[in-house]
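Protein chains in written order, with the working numbering: chain A, 130 to 426; chain B, -8 to 430; chain C, 60 to 346.
Hint data in this document are derived by calculation from the structure and do not stem from the laboratory.
Idealized CB from N, CA, C, for every residue including glycine.
Treat the hints with care, as some may be off.
[Unchecked claim] On the chain C side, residues computed to face chain B include the following (Cβ under 10 Å): (1) Val104; (2) Ile106; (3) Val136; (4) Arg249; (5) Lys293.
[Unchecked claim] Quick look at which bits of chain B chain A covers, simulated, 3 or more residues with Cβ under 8 Å: (6) 99 to 113; (7) 168 to 177; (8) 187 to 197; (9) 201 to 208.
Below, each chain spelled out in residue letters.
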Amino acid sequence: MRRRLPEWFLLLLPAIIIIAAVVLIPLIFSLYSSFTPYKLTRPSTLWKWIGFRNYERILEDWKFWAAFGRTVLVLTIALNLEMLLGLGIALLVNKVTWGQRTLRTILMFPMMFSPILVGFQFKFIFNDNVGLVNNVLQSTGLSDAALPWLVDGKLALFSILFAEIWMSTSVFAILILAGLFAMPRDPLEAAKVDGCTPWQSFRHITLPFLMPFIFIAMTIRSLDVARAYDIVQIMTGGGPARRTELIWTLMARTGYVDAKMGLANAMGYVSILLSIAFTVYFFKKLSAARAQLGMTG
Amino acid sequence: MKYSIFRALVACTALVSSVESVSAADYGSFPGVTIDAKLIGGQQYEGLYGRIADWEAATGGKVNIISKKSHFEIDKEIKSDMAAGTTSWCVGSNHSSFAPQYEGLYVDLNELVPADEIAEFVPGNIKASTVNGELLMLPRAQFDVSVLYYLKSNYEDEEKAKAFEAEYGYPLAVPETWDQVKDQAIFFADPPNFYGTQYAGKDEAIVGRFYELLVAEGGQYLADDLRPAFNSDAGQRALQWFVDLYEAQAVPAGTTSYVWDDLGQGFASGTVALNLDWPGWAGFFNDPESSKAAGNVGVAVQPMGSVTRTGWSGHHGFSVTSDCENKEAAASLVRFLTSEESQLAESAGGSLPTRSAVWEANLAAANSGDDAFRAEALAAFAEGAKYAFAVPPIAEWVESTNIVFPELQAAIVGDKSVEDALNDAAAEVDEMMQDAGHY
Amino acid sequence: MDRNKTHRNRRRLLKVLHFLGLFLVMAVICIPGLWIVLNSFRPTVEIMAKPPVWNPSFTLDHYRAMFGGAGEGGVPVFSYLWNSIVVSVVSTFVAILIGMSGGYAFARYRFKGKSGYFVGLMLFRAVPGVALSLPLFIVFARLGIIDTHFGLILAYVAMNVPFTIWLTDGFFRQIPKELHEAAEIDGCTRWQAFWRVEFPVARSGIASAAIFAFLTSWNEFALASQLTRSVGSKTMPVGLLDFTAEFTINWGGMCALAVLMILPALILTFIVQKHLIAGLTFGGVKG
């Protein structure tokens, strides 16, 4: 008699099939093409094997490494700030007793915005000549210069981070808020009776309880950090003078505009490894935090 | 821009279609044939597509628009198609700067279009549509060359004129040379409320502007053997012009992040004195509904460098794919969309034609009409078009601009010296051209 | 008495600070978004005005133009809206079904290499859209599903399945096995037991997974711009680019379309947000 496939496998099968079809096969294709001088406009170049030449080129290219380093930096700053701000916002909203449902919906407002729209939006808000920010600064007399938000090295990174954080802090705030709701009241009351200051009870009771929620949010975010590509592409396109070049903008330009897909796919693989590293890191943190709370199921 | 263009367009389309109707004899008969087309989308370009119904009625064919996307998106899509081998659609929008990249995708239209019809187009446009002897696209009435827009009020103020002459030693008038543009821009500038001029600061746009000035200074972008030659003395003078304006704060500080939409909106806000810009903006700038500068806009031929006047130019057109099943029908559609009637209708919206007869008709109409601004603008563009040149017809043009523009930016914002920036860019372009096997 | 007063003053001060903080946060969250809404009702000359105009005037021109004919500022809004709705709703629904079955497998069965499967599935979600878009295009082109709803739905289902598995897995684990066993003793099949016992309990978790999946599909651009081409399949984020041309961008018009894009998502979120909080509370953490 033929052995039947185990039930768990049958249940997982649709997920495995669809992910293999949509992600795995294209990934294998792009892995292969990263070993060729593949040019979009010359399909025959796909059959020329050049070994690790593309990877060597990337490794030797300081522009790539600058973009790589900047990407890591931007992600680290963005994720940490989003976490802190999300925590702060969640605490503020949690204290509110009236109209919380409306506040929560407002909180999720930025999640409705497509990243590409966020890019256009902040490109105009930070425009140095007719943008909202400079208009406000100049009208209120806070500054009479036209600050080049998208040009000055530091300001441009700030603007991009602002847009990114504006778009994504919601996820953190919502998840941490969910954590605050789930928190048992008793330990906090007990701490109050014992004479703990609010800071002490936050530090030793609330925060440890929230940690898993924070890491979930981190993990969710790290899964689609590359969304920042849409924003940066629209806002600065990586410029000026490569000051805001991220690994994704470099890759997209190499691949589509220069049509050098082989090289771009090699970069793609480095960026995939980067995303995976972030994800695995937060998964580990998440498991650790869960274990600490005895939540392993 | 929208409103005035639409009104004009609607009026003119009505006029044209009442006077002439498309005769079946001109475009052949293709009953039952369906042509798949990928057309560039966007307000400025779509007015023309309303005429497709006339072609369908005349020939019995049908047009199926399978993709309509913006300029850069459609370029990306066509490259993806080449990669996937999905190129059996028939008619595609094309651009003179992009055309050389699509090797083997499009047929030589010399074989499908009668020579005397090709001769009716402006020779320069046909030349710019030809790569290695193959006519890859037929130009539509979307020819782009830049001329100088300026705020007239700056030249009507006697005190300003006196102060300027005292400082610079020559009378204040609409600038004739790029050096005068620089002087006047610095003189007029009052950041952050008012700027002397502005320029496109990234992507192909700034390289095009640099290229324009480079040639005006007597330099070359690529030498005759296709080696990069822009790091010459002329190149340094050209780039220095951008750097000086930026340092003097005569341009908006954000100018290195601007491309065309920012520039157009900037001039329309009435806070920029001199603006080298494209024909599509003329109506927009002088329309009170969209522009604060309306009524105060002058248009003059582009200034000259130390050697000549130049105009980096490009134009849109339509191509027929090599994999198309019915090339005659496709070519018929392309001929129709670029015909004299189509060009008359399209250029009524303010864009520039690519047929000699349409140029003349438009100039005559503008001169006899009561719109003095339109006449002034059209005259400036007609003059400017004489100095127009296209980018080098090599597949690597766009790629080279991606190498060069960050270096130009680096010089402008002061990260590098002019000389270093140009030398670094030239070295990289040289490597790229070698990789591509040009020498 | 005196001490009480300072105490009360301090509390009052804290209250004011809390209110101020909240107000500031909400302002920062709302203003950039509301600015888009506002701009969709302002004439272009005013949006780009310098010096700025602070008293906005009101016009419906952008909306009127958007619904007008092609060449007059019109874009096929209803087609885009329809495409977005079909693609997002169907892909969310399918992703939830597939994800639920996967989540159930992880929660209820013991098998070798479980955590390996789990992390593996998650990692596929981490592949950046820009890196995936071209290879995916080539594969889809060979299959002939470019520019179809089906192709885009397929891509979005794959994007959303891992996260759904994760959330629902956490949920099913929360539900004591005894419940399920009791139902089976009462004569239910495993399938019936699932629908009658486990599914209702997990509902809010599924709702939160669904809203995340929906928003991801609704807003996705990188893949959609590559896999869609004509009016028949372009979704709203891709449609935004209709307002850009080689030299120009119609910002007011883009804002008007953006408002139409945000509204359905906002309404939907408002309706299900109660479930969302509840869902996230159980699902993610305890899993």
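Here's how the hints hold up against the structure:
{"no.": "1", "hint": "Val104", "verdict": "holds, 5 Å"}
{"no.": "2", "hint": "Ile106", "verdict": "holds, 9 Å"}
{"no.": "3", "hint": "Val136", "verdict": "violated, 14 Å"}
{"no.": "4", "hint": "Arg249", "verdict": "violated, 45 Å"}
{"no.": "5", "hint": "Lys293", "verdict": "holds, 8 Å"}
{"no.": "6", "hint": "99 to 113", "verdict": "violated (count 0)"}
{"no.": "7", "hint": "168 to 177", "verdict": "violated (count 0)"}
{"no.": "8", "hint": "187 to 197", "verdict": "holds (count 3)"}
{"no.": "9", "hint": "201 to 208", "verdict": "violated (count 0)"}
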